[in-house]
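A.B. asks: Position chain B relative to chain R; hints supplied.
Which chain is which? The protein sequence lines are R and B, in order.
Heads up: the first sequence runs through residues 1 to 414, numbered per my numbering.
Heads up: the second sequence runs through residues 1 to 73, numbered per my numbering.
Keep in mind the hints are simulated off the structure, nothing from the lab.
Mixed in with the good hints, there may be bad ones.
As the list claims (entries may be wrong) - Per the computed footprint, the stretches of chain B lying under chain R, defined by three or more beta-carbons under 8 Å from a beta-carbon of chain R, are: (1) 13-24; (2) 34-41; (3) 48-55; (4) 60-72.
As the list claims (entries may be wrong) - Simulated restraints on C-beta separations: (5) B:Leu-69 / R:Asn-34: 57 to 67 Å; (6) B:Ala-51 / R:Val-125: 53 to 63 Å; (7) R:Tyr-47 / B:Leu-69: 40 to 50 Å; (8) B:Gln-35 / R:Arg-167: 29 to 39 Å; (9) R:Arg-160 / B:Glu-46: 21 to 31 Å; (10) B:Val-68 / R:Ala-19: 44 to 54 Å; (11) B:Ser-26 / R:Arg-160: 47 to 57 Å; (12) B:Leu-69 / R:Gln-144: 21 to 31 Å; (13) R:Gln-144 / B:Val-68: 15 to 25 Å; (14) B:Asp-61 / R:Asp-275: 40 to 50 Å.
The beta-carbon is built from N, C-alpha and C at its ideal position, and this holds for glycine as well.
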Amino acid sequence: MHPLGPLDEPSVISVSVLAFYLRDLLETNDLLQNVWVRGEVSNCKTYPSGHCYFTLKEGDAQLLCVFFKSSRMRTSAPELCDGMALAVNGRVSFYERDGKLQLYVEAVKPLGTGELFERFEQLKVRLAAEGLFDAERKRPLPSQPAVIGIVTSPQAAALRDMLRVLRMRYPLAQVILSPAQVQGADAPSSIANALDLLNEHGEADVAIVGRGGGSVEELWAFNDEVVARAIARSRIPIISGVGHETDFTIADFVADYRASTPTAAATAAVPNIEDWRIDILEKRQTLVALMQAYMSDLCARVERSQHDLERVSPRRLIEQRRQQLDDSMERLQTHICHMISLRAERLRGVTLQLHSLSPLLTIARGYAIVRRDDNQKIVSQVEDVQPGDYLTIQVQDGNIPVEVRRRRNGSLTF
Amino acid sequence: MEALPFEEAFEHLETAIAALQDGKISLNEALQHYQEGMKLAQYCNELLQRAELTVQQLSVDDTGLLSVLPLDV
Numbered sequence: 001m002h003p004l005g006p007l008d009e010p011s012v013i014s015v016s017v018l019a020f021y022l023r024d025l026l027e028t029n030d031l032l033q034n035v036w037v038r039g040e041v042s043n044c045k046t047y048p049s050g051h052c053y054f055t056l057k058e059g060d061a062q063l064l065c066v067f068f069k070s071s072r073m074r075t076s077a078p079e080l081c082d083g084m085a086l087a088v089n090g091r092v093s094f095y096e097r098d099g100k101l102q103l104y105v106e107a108v109k110p111l112g113t114g115e116l117f118e119r120f121e122q123l124k125v126r127l128a129a130e131g132l133f134d135a136e137r138k139r140p141l142p143s144q145p146a147v148i149g150i151v152t153s154p155q156a157a158a159l160r161d162m163l164r165v166l167r168m169r170y171p172l173a174q175v176i177l178s179p180a181q182v183q184g185a186d187a188p189s190s191i192a193n194a195l196d197l198l199n200e201h202g203e204a205d206v207a208i209v210g211r212g213g214g215s216v217e218e219l220w221a222f223n224d225e226v227v228a229r230a231i232a233r234s235r236i237p238i239i240s241g242v243g244h245e246t247d248f249t250i251a252d253f254v255a256d257y258r259a260s261t262p263t264a265a266a267t268a269a270v271p272n273i274e275d276w277r278i279d280i281l282e283k284r285q286t287l288v289a290l291m292q293a294y295m296s297d298l299c300a301r302v303e304r305s306q307h308d309l310e311r312v313s314p315r316r317l318i319e320q321r322r323q324q325l326d327d328s329m330e331r332l333q334t335h336i337c338h339m340i341s342l343r344a345e346r347l348r349g350v351t352l353q354l355h356s357l358s359p360l361l362t363i364a365r366g367y368a369i370v371r372r373d374d375n376q377k378i379v380s381q382v383e384d385v386q387p388g389d390y391l392t393i394q395v396q397d398g399n400i401p402v403e404v405r406r407r408r409n410g411s412l413t414f
Numbered sequence: 001m002e003a004l005p006f007e008e009a010f011e012h013l014e015t016a017i018a019a020l021q022d023g024k025i026s027l028n029e030a031l032q033h034y035q036e037g038m039k040l041a042q043y044c045n046e047l048l049q050r051a052e053l054t055v056q057q058l059s060v061d062d063t064g065l066l067s068v069l070p071l072d073v
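Bound conformation, chain R alone (with noise of 0.2 Å):
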């Protein structure tokens, strides 16, 4: 019994069965175990672990190829670049895990630069002589694009990119997409017709022009000169974001700004929404705080004129006056009462004076007060009355009431 089915049917054999059996094919093949191939350089890529991966092409046929760090370190080989021409020497085998067929490493030597990078490095040249890569023709990026123009393949992971970005960052703007082929040989025609096109339309303020990673031939597009005049002659300023942050290419050098990746190449074309909320967040902060320090402010002005108007009212000068006048009145009243007590003492010593003046006492002592009765006038001399006069003479203890007879000077009669 077959292992893998009955006798009578035509044997099936796993894939492990035959990667192994190819594996095994290649390896005891004594010219494909060192052999040297020529070919340019492409897709390389070397990883932190040091491995080295590339793809070498010529003509039609490419071979992939795995330069591992060991065999890197012994040969002490250049360190390998897209478009280098290279004579590789090594083994061929065939990876199961990724059915891959493909060149192992042992040696590698330059055989100068390859005929891309050759037409890469004439062109550049030529067009930097005319002057397209000036830093003086770069015109500045609007700030805030209305409209941003595209022009790359609608079918393109980075489109999606960059609307992504755009939709995240600003979106305000209006997107116009010019669309074009970016790799292949009607490429660089297409791209430049989809940026004329961009310009016949006018409205896009700013333009994108790019497409995602490849491999040098499939950026190659970027570096042809119908392309770079194309972005020369456009009167849309434009950004160029072709490939991935290691990939330069003519159109990055024309470009108004050199992106490295359509990402950031939509980054680049736009500002972000997001600082323009805080700066509105920070704005309306302003303002709250303005309007209270105007109030604050408005507020302490009311008090300070309060505090004026209290001190010029004339409610103090009253109090003052009233004050006043109640002192007045107090020293007026002490003065009064002063003059007054004074006018009683001097009474009192006039009436002690008067007292002892008093014809009172005169009488007790034997004295008498002679009056007319008819007028009350003392008399004092002969003369002063007339026979027939009523008087009253007055002693201590009373009147005697006497009518003249006579009068005889020196001594009175009655």
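C.D. replies: Chain B alone, transformed into the frame defined by chain R:
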């Protein structure tokens, strides 16, 4: 305020702040600037909230006429 573009609304907001900063305005004016500013800030925020990227595609017909068509991506 409806239909006022964001940029203009934002400019007005800055004007209101500048007026308040000046300080030499009447209470009535200050209150007006303040209320106007708060409304503008709110409006700007709403505009940003509501904004939605529009995506169109350029196309050329046989006669070479340019037109823009909506694009769903």
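A.B. asks: Per the hint of 40 to 50 Å, is the separation of the Cβ atoms of R:Tyr-47 and B:Leu-69 within bounds?
C.D. replies: holds (44 Å)
A.B. asks: Examine the segment 13-24 of chain B: at least three residues should have C-beta closer than 8 Å to a C-beta of chain R.
C.D. replies: holds (count 7)
A.B. asks: Take a look at whether the Cβ-Cβ distance between B:Leu-69 and R:Asn-34 falls inside 57 to 67 Å.
C.D. replies: Holds, since B:Leu-69 and R:Asn-34 (Cβ atoms, about 60 Å apart) stay within the stated range.
A.B. asks: Quick one: are B:Val-68 and R:Ala-19 within 44 to 54 Å, going by C-beta?
C.D. replies: holds (53 Å)
A.B. asks: I want to verify a distance hint. Is the separation of the beta carbons of B:Gln-35 and R:Arg-167 within 29 to 39 Å?
C.D. replies: holds (33 Å)
A.B. asks: Taking the Cβ atom of R:Arg-160 and the Cβ atom of B:Glu-46, is their distance within the range 21 to 31 Å?
C.D. replies: Check passed, 28 Å falls within 21 to 31 Å.
A.B. asks: Within the assertion that chain R covers the segment 48-55 of chain B, do at least three residues meet a Cβ-to-Cβ distance smaller than 8 Å?
C.D. replies: holds (count 6)
A.B. asks: Does the Cβ pair B:Asp-61, R:Asp-275 satisfy 40 to 50 Å?
C.D. replies: holds (41 Å)
A.B. asks: Given a hinted range of 47 to 57 Å, is it respected by the beta-carbon distance of B:Ser-26 and R:Arg-160?
C.D. replies: At roughly 55 Å between Cβ atoms, R:Arg-160 and B:Ser-26 fall inside 47 to 57 Å, so the hint holds.
A.B. asks: 53 to 63 Å was suggested as the range; check whether the CB atoms of B:Ala-51 and R:Val-125 agree with it.
C.D. replies: The hinted range 53 to 63 Å is violated for B:Ala-51 and R:Val-125, with Cβ atoms some 46 Å apart.
A.B. asks: A range of 21 to 31 Å was offered for this pair. Does it hold for the Cβ distance of B:Leu-69 and R:Gln-144?
C.D. replies: With a Cβ separation near 25 Å, B:Leu-69 and R:Gln-144 satisfy 21 to 31 Å, so the hint holds.
A.B. asks: Does the hinted range 15 to 25 Å hold for R:Gln-144 and B:Val-68 at CB?
C.D. replies: holds (21 Å)
Hint check: a violation occurs at hint 6 only; the rest are consistent with the structure.
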